[in-house]
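Enquirer: Sequence:
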Amino acid sequence: MEKLKLQVPAGAWDYLPEECAAKRKIEEEIRKCFTKNGYLEIETPSFEYYEVFMHDSVPYVQENMMKFFDQKGRILALRPDLTGPIARAAATKLLSGESVLRLCYIQNAFGFLERGIAGKTEFTQAGVELIGKRGADADAEVIALAIRSLLEIGLTGFKIDLGQVAYFKGLIGSMDLTEEQVEKIRLLIDTKNNVELEYELSRLNMDDDTKEALLALGTLFGGRETLVRASEMAQNELCAAAVDNIREVYDILCDFGYEKYLSIDFGILNNFNYYSGIIFRGISDGIGTAILSGGRYDELLREFGSDTPATGFAIGIKELLVVLEQLQKLPVSGEKATVICCSPAGRANAFAYAEKLRKSGNKVILELNGYRGYDRARYDVVEFDEGMNV
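Count along the sequence shown from 1, add 718, and you get the number used in our numbering.
Be a bit skeptical, because a hint or two may be false.
Only pairs whose alpha carbons sit at most 30 Å apart, straight line, appear in this in silico DSS-like list of lysine-lysine [to be verified]:
#	residue 1	residue 2
1	K754	K1036
2	K741	K721
3	K1054	K1081
4	K887	K851
5	K1054	K743
6	K743	K877
7	K1036	K743
8	K902	K877
9	K754	K1081
10	K1054	K750
11	K887	K877
12	K721	K1036
13	K811	K750
14	K910	K887
15	K887	K902
16	K978	K851
17	K877	K851
18	K743	K1077
19	K741	K723
Distance ranges between label pairs, derived from CB positions [what the hints assert, rightly or not]:
#	residue 1	residue 2	range
20	A1095	D973	45 to 51 Å
21	G1052	N1087	24 to 30 Å
22	E898	N755	38 to 44 Å
23	R1090	M784	43 to 49 Å
Hints were generated in silico from the structure; no laboratory data involved. Virtual Cβ for every residue (Gly too), placed ideally from N, Cα, C.
Whenever a hint applies, use it, and build me the whole structure from the sequences.
Expert: Dropping the structure here:
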């Protein structure tokens, strides 16, 4: 028990000064990018009533949430993401005055996560929610903003994989499958486990064309040519509309000059019940997991009494730190702090001089006892002289 007080809980981190400074710099650049594109920052409580997260339209496993009770015995939960609480706030407090909302955030979320960096229990997310707009232009807007955000912090070696969950829904919609069967097929496609998928499909009463299309989903990725293959396999209007939607989004992003960052992957099916259309994730060359993810979630706000479409994304700040460190691109402060050493007799003027430097934007430490044991690689140490211009 004594040893525990020397540790942090599993999945949590201490951000020591240098990493903390890098983290703050990254957050600052991302925040500037969001606000320059017309998104207004919002903050929600770290915890909510559990009911906020008790519905099917959620992108997380409820068993992985951190829950506790208030003084009246009501169940509370630390937020597992930011989208749910923002949807609640938008539906109950903001949408009555505006038809379209552009909201952004940089806040911590909590939960026992299996995705991303394994074992995270507290994590910072930076993201946006575009609420009240349908269509490819809205989807392209948030994806373009995700790309710009990564570029703003100096990350260039990444791909944004674009998918469309309606294509999969179109393939299985006419089949008499249980929720468990659909979920198993979805998971096998999402993890690109075609060997197990082929075995699972062979046990089901399914026509050969549908089996072939489902098996192909795991390999249906690449550039613009992928859309041709997807169109050829589209079995109904829902599938065809999904292809048309992703083509339109892709074309808009190409017009913005972002084609080299794009890849199409119809096998992206994570959070299948949550997303309703375009889905995407950002993969960096420096890490094997997604550094951002997002998509269209038109059904979520209905849970809070507002039938309003929405789309958005979230960036994992810890994932960004890991990638930038591997690439040796972590932002560092090249500015040294100035240490002014003075004797007791000169402290009044030394303090005035230090304040003058601080007002000019300098980092200044006033050392009254004349201590000089500072690392000269990190600090500029000067002896205060009464002749200095105060």
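Enquirer: Does each hint hold? Answer for all of them.
Expert: How the hints compare with the structure:
no. : hint                      : verdict
1   : K754 / K1036              : 23 Å, holds
2   : K741 / K721               : 29 Å, holds
3   : K1054 / K1081             : 7 Å, holds
4   : K887 / K851               : 22 Å, holds
5   : K1054 / K743              : 16 Å, holds
6   : K743 / K877               : 23 Å, holds
7   : K1036 / K743              : 13 Å, holds
8   : K902 / K877               : 27 Å, holds
9   : K754 / K1081              : 28 Å, holds
10  : K1054 / K750              : 25 Å, holds
11  : K887 / K877               : 25 Å, holds
12  : K721 / K1036              : 26 Å, holds
13  : K811 / K750               : 25 Å, holds
14  : K910 / K887               : 17 Å, holds
15  : K887 / K902               : 14 Å, holds
16  : K978 / K851               : 26 Å, holds
17  : K877 / K851               : 25 Å, holds
18  : K743 / K1077              : 21 Å, holds
19  : K741 / K723               : 25 Å, holds
20  : A1095 / D973: 45 to 51 Å  : 48 Å, holds
21  : G1052 / N1087: 24 to 30 Å : 29 Å, holds
22  : E898 / N755: 38 to 44 Å   : 42 Å, holds
23  : R1090 / M784: 43 to 49 Å  : 48 Å, holds
In terms of the numbered hints stated before, the structure departs from none.
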